[in-house]
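Undergrad: Spelled out from the first residue to the last, the chains are:
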Amino acid sequence: MNEEITVFSNVKIIDILYNTTLFEFIKTMHESELLMYLSFGITLLAMIAIAYVPMKMKAKLATFIVIANAMITSWIAIPALFGDALEYVMYAGAFMGNITIRIDALAAWFMVIINFTAVTGVMYGDGYLKGHQSKPAKLSLHWILFLLFQLSMLGVCVVQHGLAFLIVWEIMSLSSMLLVIFDHHKPNTIKAGLNYFVQMHISVLLLTVGFIWVYFQTGSFSFEAFHTFFGTNSNIWLFLIFFVGFGFKAGFIPFHTWLPHAHPAAPSHISGVMSGVIVKLGIYGIIRIITFLSSDLLLLGEIVVSVSVLTGLYGILNAAIHHDFKKMLAYCTIENIGIIGIGIGVGMMGLGNGSPLLYYLGFGGALLHVLNHSLFKSLLFYAAGSVYKQTHTRNMEKLGGLIKQMPKTALIFLIGAIAIGGIPPFNGFVSEFIIYSGLLEGMKSSNLSQTSLLILTFAGLSIIGGISILTFTKAFGTIFLGNPREKMDPTPQEVSRLMLIPQYIIIAAMLSVAFFPQIYLTIISHIVQGLSVSRLGFEPVGFDSFATMISNISIYSAIFIGLIGLFWGVRAVIVKRRTQSSQPTWNCGYEGIATPKMQYTGKSFSKPLSKILNFLLIEKKQFTQMKPSELFPSKRNYSSSYLDFFEHFFIRKITRRLLYATNYFKFIQNGRIQSYVIYGIVFIIAIFVLTALNILQ
Amino acid sequence: MLSFALIFIAAIFFSGIISRTKSIFSGRKGPGIMQPIKDIIRLFRKGAVYSQTSSFVFQIAPTIYFSSVVMAMLIVPFGQSKGLISFNGDFIFFAYVLALGKFFSIISALDTGSSFGGMGASREALYSMFAEPAFFILIGSLALLTGHSSFQEIFSALHLGSYITYALAILATFVLLMIAMIENSRMPIDDPKTHLELTMIHEVMILENSGFDLGLILSAGCLKFAIYGALIVNLFIGIFPYEYTIPLFFITQFLIAITIGTIESFMARFRMGHNAQFIFALTSVSLLIFFGALLILGKFI
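The listed protein sequences derive, respectively, from chains W and X.
To convert, note that position 666 of the first sequence is 666 in the numbering used here; the numbers rise steadily by one, no gaps.
To convert, note that position 226 of the second sequence is 923 in the numbering used here; the numbers rise steadily by one, no gaps.
Same shape as in the complex, but just chain X (with noise of 0.2 Å):
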């Protein structure tokens, strides 16, 4: 309950940070952080503008986007205290519900005849289906070395045993913010800033969505950010006491979504062709964390 309640409160902010980020780094005045909360609901009293190519799957698709989000928020732990839902391998929940909400966006761009969401849908589903072994070594590898399998049992156990077990942690969240960065189509995946056809991936699946469901659409996408982020402290905080994970969390989210802003305002993004070797070298960074974790565990010999 309380990671729920952490997440739900830094995906508030996040976006706001990162674009003050950037904002700040081009020398703009830019909106304040809150601007995007703001943009949010004013979007769930707008009215909505429906393709007349589209089917019920595009009403309920943000829907059923926003929900998978929400469920999968449920399963993230916050240091000793379990997520809502806790079991043995909860991770693969996590990333199956996922799945559920991105097959959704997938077919709801699809539906509405148009070429860019054809375009994006395609890409997404190429992008995210590279990212997924990244995501499942990982966390296999952690699981190995802890000998559990639940998200919060594996994160309160990861450094009972050494201190090399950090700079695993490291890896990781290299390997997580990557993840969440193509998650939510960011640069260097996609560029999210500029017009909207040339925003290769995410813009225009969701190109054809307004109103309310654009509001669930990006209040889902600032939710997975604070997710991910919520993930990767979990990797550092292990069972120290709530006094000082509460704020650490805060300040990690910070300095997450002060990266992502920063990352975005001095990279381009990649070419569409590089994406996948890219994305598919993540997965080679979470063999390095496998294999870390074979020689902490003494199996190399």
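Just chain W, with the same shape it has in the complex (with noise of 0.2 Å):
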């Protein structure tokens, strides 16, 4: 045996894969190379299997599969996060030629994040799809497509060759696509479905358009020849290109409609997933593409950052006015976007002025609200999904006092609203301030257009927490507190373990952030200096102090528990010795019982805000006015809803006229086969002809 076998086969089976020579050729591959190939192998195997294992086994058989996975994986992966990045290459036949696998921390940052939350979200579907138990076909499809998923998330992240990667993000798309659509003998779903798979096609066209201006100038799909491309082109519109391509899936305004729609007719799981992860990804692909930039960065470091605080101010306006609560947590989403966009823009803000501690502020603050954000947000989509379940309604104003039917759901929900707000102890807070010690650092530059953006930026990201307070008291309250306002029947009740306990080990993930920053801050900086240290020469100044001080702020935290305990128990102490009575709520002195129509419902708690900015957030009212000669008015409707700005009268009017200009081509769409089937010899042909005749080459 060779020496490179002895250091890397730990895993007992490689050894013995190694010493056969049935396994001969498997010598000349890596082991971690090996595992890719395992995981592919049992993940294509339990595909088929979950077609035809009974119905109760189906979802155990993908949540080990999933729970596999996400070992193997990871296996491959955590190594890269505090050490080398592990590259190999694999020969994928003439057309794609070789494609380069590359695990580098960034990639191996994010497959962590994936294979907790599929986990996590596997085995919370497991048990919220429980009462679908009479559609067999329709659940394996489902897990089928789950395992599809998870997989191609993972090889976005890391496969480094253009057209591959168009693959894998294609399949991430479709699969998730099918994910979605779950319920889809609702019409709604079916558009949200289309609306999603819409979107993500113009995303892929871009970036398609993208990979292939750079093969064009390079010659080479691969990531290497962006070096080059950058080295020698304009920087601004390739990665404008990117942005944008990315930017729909991530959901940066005005690419975001998808999100609001897609998220709640996704199933609960499938929504967190997508919106803890997915959205991630395009996240990812930003953060790749400036790993290569190499000028301009300033300008591109602003334009992100504007794009970004207006991404975060107008997501989190929208939540705070829905009273879908899923919808809620879809435009939360977009707001978390925009936290992270700002942290990228800052970094590459630093990148630009050359100031290695702003780089690492604004990237790492970037990347550890990606995990924050996936961590709470898939909290909350699980927790949300859980109160669906239960009373079948996404629509909050027709909720109220769950607080007493389920007391863990509401706690959990509790912690993920102050997680998410960025309010201390909990994990949000730790990024968002990173993000804000950037924004000062970045501030002191120079540059008083710099200056200017970044203590606007600074403004607005307060205001990004003030109103996600007002939208999470608001949805907390609205759910959870006060009376139920409607009656609903079967009561509902607190949902079964199998759905809390992912959500207690996402509590528990969360914690870790808040209160052992140090872990993950010592990964980030492992990861920000392997960006790009080798491209700009940053020594790591002032990382380590930082992180020192962060660990510090998670004792003030734990100072700050601990004197809320301090005064809980003062308080218990002394009110044990004291009357209490419960009494009704006062009305006024009001005889008779208060009824739950009293109580201020979600829309009246944030119809102030929508009031003042209703230009931005449009109401719809439907109602029919009543008229002076009708003495006896009979009962009427009324109802409102908030339409979303960019969709009404951006997207809307485009996709009006394009629907106009396309009508004059229905003919082409007959629905007759063998109409399509010229149309595909007339295509083969036309590509033959002009091949002989030179003019394709």
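The hints are simulated quantities; they were obtained by calculation from the structure and are not laboratory data.
Keep in mind that a hint or two might mislead.
[What the hints assert, rightly or not] Distance ranges between label pairs, derived from CB positions:
id: 1; chain 1: X; residue 1: A978; chain 2: W; residue 2: S604; range: 24 to 32 Å
id: 2; chain 1: W; residue 1: M626; chain 2: X; residue 2: G724; range: 47 to 55 Å
id: 3; chain 1: W; residue 1: L511; chain 2: X; residue 2: A978; range: 39 to 47 Å
id: 4; chain 1: X; residue 1: L945; chain 2: W; residue 2: L448; range: 32 to 40 Å
id: 5; chain 1: W; residue 1: I612; chain 2: X; residue 2: F997; range: 52 to 60 Å
Think of the CB as a built atom: it goes at the ideal place given N, C-alpha and C, for glycine as much as any other residue.
Could you use the hints to bring the two separately framed chains together as a complex?
TA: Put into structure tokens, the structure is as follows:
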């Protein structure tokens, strides 16, 4: 045995594999490559198996495979988080050529996040889909797609070859689209799915254009070609193409409009995973492209920061007014993408200014917020899913007082709500604090426009924090507190332990970020250094002292909790000796029991805000006005909903025009198979002729 | 530690001075300066009535609110002496710790299922959200001006350069004073002295609280006033020695209390619809401070 093998073989099975002659060729492979194939293999087998195993076992098998895949890929990824990048080349036929598989710290970070969220998602989904046992085909397809979905997301992180990247990206988009339309008997779900489908393909189109542009300039699809491209060409346009392309996935405005439709339509575990990680892969793409940039970083950073802060504000403003709680969470995802984007932009400014600390704070904050958001957003989606499962409504105006029937879910939602507002002592504060510090650091620049932009961003981030308090107090208060607004039949009950356990796991992970941030910051510092230390020659100045400070903050957070505990203890001791009684809520002396209708609704809670910003938050009211002659008014309906500004004013207008134009080409899609065959033949002949005539090369 | 003790002492008298000022202006004999504290102490000894609708949130919220204010108090420095907690960017921690208290006081108001609670909660959330950027731009500009980012370093380095910074400090005083009024729901944002249902923000939020919990909320209110007062004092004292700054601290707190009392005696509450504009206008004052900072730093050339 040669040395290389002894170094890498720490798994017994692989030792055996190495020694058998049958697997002689495997010797040429790297251990991780082997593990990767193993993961592919078991997933493919499991995808077939899921269709045939009995009903009860489908979800269990899927859970098992997702966990196995997560363990295998994390096993590969975790060493890359701390150490050197892993790279090998996979030959994929004459057309694709050699595909570089590269797992560096950045890819590994996203892989671990994907794995964690996929595992909690599949565990939660097992319980969530318990009510659908009568439709085995639907469930089989769902779990098969889920496996594919996890694998494709992991693929996106590791592939470093343009074409292969587009293929895995496409598999990811398609599998997630099919996961979204689980309830495909509802027209709205199909509509949301199609919306997602179309927007993802606009995104893919842009990415394709980007990769092809690089290919034509450099002759290579490998990511390495970006270095060459950005080294010799203008950085701005290609970056903007990729930014918009990935921005569709991430949900930057005005490309966010699929999120508020797809998230509510999908089953909650899918919404959780989508919001937790799929959207983050857009962020991954953007960061990956940034690592190759070589000039104009300051300008691009300013663009990214401006778009991001507007995204954040727009997202949270819309989140504040919607009463569909999953839609609210979807908009809140947009807000958090904005926060992550601010971090990225600040990091780019750091690169542009040549300031290592700024670079570290920006990207570090963004990467940590990626983790944090994937944790608390999936937690909130799962908690919201539990509410939906037990009450069958997503309209918070119909809920209320659920804290009495579902205390555990209420507490989980409360923790998620506090964390997502970036409030200490939870994890959201750590990453937001790093981004705030980045902004403060960036302000010191001598560049006036940068200083002004960053102080406005600073204020913008604080408004985002303020509105997110409004949003989540509204959501928590309306769903869980007060009196039930409508009678639920059957009475909602706490969800099963199967659904609660993944949520507890997420909370544990959140607390680990909040109280042991140094572990994560060490990793992040490694990732961030790996991104461009070779290129810019940055010394890691001030990274470590900053990390120490952050861990001090977690001590202060612990002190804060201690303080609350102390006062709570004092209160408990004192209150025990006092008389306590329980009375109905005071109603201005009005005799009789308060009806639930007297409570503030979610809408009335956020109405003052939407009234102030009515130019942006467009309310659509539907009602019939009472006529003066109508002496005995009959029963009438009133409904009000909010429209998405960008969707309503831009996208809808564009699509309407498009529809008008494309209407003239309707004859092409006539529904006759024969015509479609003809089209195919014509296309093939055209290609053949053009190639033969040397017009198409 | 010094600031902690000073704020604590100032908080004891603060509300009393405000109400005494108001009673003098309105020609009443009025309660003594210690009356608010006596009320709080009496509340601590009382039993409580809880709404049947409410849950554990309602019980724990006042404690968390009070703790958040105490935690914020630990961060405030006094001249050269740091607060018990001091690090770069501590003012962000300060604002977010207070936000936790606000979060809980808002949801506890919603917990009772009363429309008053919801009304107050909604407005509290909205107005405190609008006040946020003013505070952040203000401290951010001072951080830019001084090149430091913790409260203590910002305040002690503020006047080292030139005397123009005192002009900025006066503007900042206005902003902080108004934020204090918003945070405590006083005039001209909210009227604490009218009948309960008509005080539109804070008082309706705590309508259902009683006994020990109400005592905690009221004492947190007093502390909050003194905290903002202390921040204002810090804007001016810089690195002067303690024998001047400590008397100055109490004089300033006294003046702030009298100012608040005077404003409350002579102004009517704004219409609710106008509050948002007024609060947001504070942000523009903060932006003035930012431009002032840029001018002093010579970036406008």
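Undergrad: Mind listing which of the numbered hints don't hold for this structure, in increasing order?
TA: 5
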